[in-house]
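2 protein chains.
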Amino acid sequence: MIKLSKIPTKASKGTSKDDIKIKTTKLVQEIGHLQHALYAESKQALLVVFQGMDASGKDGATKNVFSKCGTIGTDAYGFKRPTSEEFAHDFLWRVHKLSPAKGFIQIFNRSHYEDILIQRVHNWIDNKQVKVRMDAINAYETLLEKDNNTKVLKFYMHISKERQREKLQKRIDDPKKNWKHKTGDWEETKLWLEYRKAYEYAINNSIIPWTIVPVDQRWYRDFTIATIIRDTLKNMNPQLPLLTEEDKQAVIKIQETIKT
Amino acid sequence: MIKLSKIPTKASKGTSKDDIKIKTTKLVQEIGHLQHALYAESKQALLVVFQGMDASGKDGATKNVFSKCGTIGTDAYGFKRPTSEEFAHDFLWRVHKLSPAKGFIQIFNRSHYEDILIQRVHNWIDNKQVKVRMDAINAYETLLEKDNNTKVLKFYMHISKERQREKLQKRIDDPKKNWKHKTGDWEETKLWLEYRKAYEYAINNSIIPWTIVPVDQRWYRDFTIATIIRDTLKNMNPQLPLLTEEDKQAVIKIQETIKT
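Quick mapping for you: the protein sequence lines, in order, are chains A and B. The opening residue of the first sequence carries number 644 in the working numbering; numbering runs sequentially from there. The opening residue of the second sequence carries number 644 in the working numbering; numbering runs sequentially from there.
Calculated from the structure, these hints are not laboratory results. Treat the hints with care, as some may be off.
Note: identical chains are not told apart, hence a pair may lie in one copy or across any two.
In the DSBU-like style, the derived pairs of lysine-lysine whose C-alpha atoms are separated by at most 30 Å in a straight line are [to be verified]:
no., residue 1, residue 2
1, Lys-825, Lys-902
2, Lys-723, Lys-902
3, Lys-825, Lys-646
4, Lys-804, Lys-774
5, Lys-794, Lys-820
6, Lys-877, Lys-823
7, Lys-797, Lys-646
8, Lys-723, Lys-706
9, Lys-745, Lys-706
10, Lys-891, Lys-813
11, Lys-664, Lys-653
12, Lys-804, Lys-891
13, Lys-825, Lys-891
14, Lys-896, Lys-813
15, Lys-902, Lys-810
If you're wondering where the values come from, they're calculated on a predicted model, not measured in any experiment.
Chain A on its own, in the form it takes in the complex (with noise of 0.2 Å):
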């Protein structure tokens, strides 16, 4: 049973900061190769699920860990309040079609998670209806790893009550950062607690297990993400496809019919 508050949201005193960033340089780049590889084989799928508080970092990781992948194979999606057509169906119609086809690296920016983190803080939904949810989810994840070559990474992005208050203020303070700005953004720190107890039981409960990203520093959460994306990905083991003797021929004979 995971306990958020007994989670270090910083790296351990000591870690250099230098060295760290110097092995997250080189992370990103085997990334960058590794999601070449995933693309041209087109066997295995890769899903990766960032979810935290307003301000914890999840636009910033999605740049920097993927930085050197290629614009195709890899897609980001932030998701936003559902439209009305969405609403109109279950929770997960609009996120079983974003589900990552083989070959490519999708990117969740918020998830399926935010049907029982947001509206069961407001108390939009029951407890008997989170259940059903969450045995939705762990349905719809284990068919994706199990049935479709699909690895699904979930990171929770584990940021300090202070770090975050701080965040929030420098939108207000820094006009390069004041487009992402949401008033809402204020009211919502009102449910610190309950953010946290929703958070905690989403990720005791999933099947598919969590990572906690202490993402209080951003160098080291960018570390701690890129790592585990990386060691996923080179477990994967994608191959690029090679022709085989009879391929070659076959091309030779078309070649032949061919005049300059």
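Given the coordinates of chain A, work out where chain B should sit on it, guided by the hints.
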């Protein structure tokens, strides 16, 4: 009237590769900054269409020119043979829904033009139908530009026959490129002249103009495309939205109600 045989597929003699590469790096960086502003602003969009013969470097251009753009905010879609569901609809049905939302850059690797290229060259449609489709394409692109603040940039990747053959052969000879090989591409090379005629028709009958990109040299290709993308984005002049004094006062009121 554009006649492709009169247009060079290479940089003019004396163009310095080293100079061009330095300039391209700078352009690509600028495109990254401008894309960030476009996304933050969320009032305008950019649709980039890459069309060209097999092995003309559409993938490479996508990868290189947009390498500093955010994964969120930049999407690339490669059009393949339509599914049976797609075939059962008009040819723009699958295309229209992929148009970029405001704030986004959408890259089409192949596009709606295939429906007056491959389909025409193989005589799957007659000239009357080609005209109907060309009109529909013009209407669609005009709609995006005039009614949804979407700038449409179309690049014809102009490769020489010799260079195409070399590149297709490399896909057979270099194991790292084997995954890109399709035997059918060699069959299509027999239709070189027919394709060129079909491209000339599309280019000469488009309302929104094309850029003919000399692509025999990869470095010159990337430079040509990056220059136009940078100039276009700069001209669109996306602005980071700023908070007003009123916005700031509204937050302060909420902050006063938050217990720490």
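Treating 30 Å as the Cα threshold, decide for Lys-896 and Lys-813: within, between, both or neither. Result: close only across copies, 17 Å inter versus 65 Å intra.
Homo-oligomer pair classification [Lys-891, Lys-804; C-alpha up to 30 Å]: For Lys-804 and Lys-891, the Cα distance is within 30 Å only across copies (21 Å; inside one copy 61 Å).
Given identical chains, is Lys-794 near Lys-820, meaning Cα to Cα at most 30 Å, within a copy, between copies, both, or neither? Between copies only: 26 Å across, 34 Å inside.
Alpha-carbon proximity between Lys-891 and Lys-813, which holds within one copy, between copies, both or neither at 30 Å: between (59 Å within a copy, 12 Å between copies)
Have a look at Lys-877 and Lys-823 and pick one of within, between, both or neither, based on CA distance no larger than 30 Å. between (35 Å within a copy, 22 Å between copies)
Lys-723 and Lys-706: within-copy, between-copy, both or neither at 30 Å Cα: both (18 Å within a copy, 28 Å between copies)
At most 30 Å between CA atoms: does that hold for Lys-825 and Lys-891 within a copy, between copies, both, or neither? between (58 Å within a copy, 11 Å between copies)
Measure nothing new, just compare the shortest in-copy and cross-copy C-alpha distances for Lys-825 and Lys-646 to 30 Å and report within, between, both or neither. For Lys-825 and Lys-646, only the intra-copy Cα distance (29 Å) is at most 30 Å; the inter-copy one is 53 Å.
Within a copy, between copies, both or neither: which one fits Lys-902 and Lys-810 at a CA-CA cutoff of 30 Å? So Lys-902 and Lys-810 pass the 30 Å test across copies only (18 Å; inside, 65 Å).
At most 30 Å between alpha carbons: which applies to Lys-664 and Lys-653, within, between, both or neither? Result: close within a single copy only, 15 Å intra versus 41 Å inter.
Alpha-carbon proximity between Lys-825 and Lys-902, which holds within one copy, between copies, both or neither at 30 Å: Only across copies: Lys-825 and Lys-902 sit 19 Å apart there, 64 Å inside one copy, limit 30 Å.
Alpha-carbon proximity between Lys-797 and Lys-646, which holds within one copy, between copies, both or neither at 30 Å: Answer is within; shortest intra-copy Cα gap is 17 Å, inter-copy 53 Å.
Violated hints: none; the structure is consistent with every hint.
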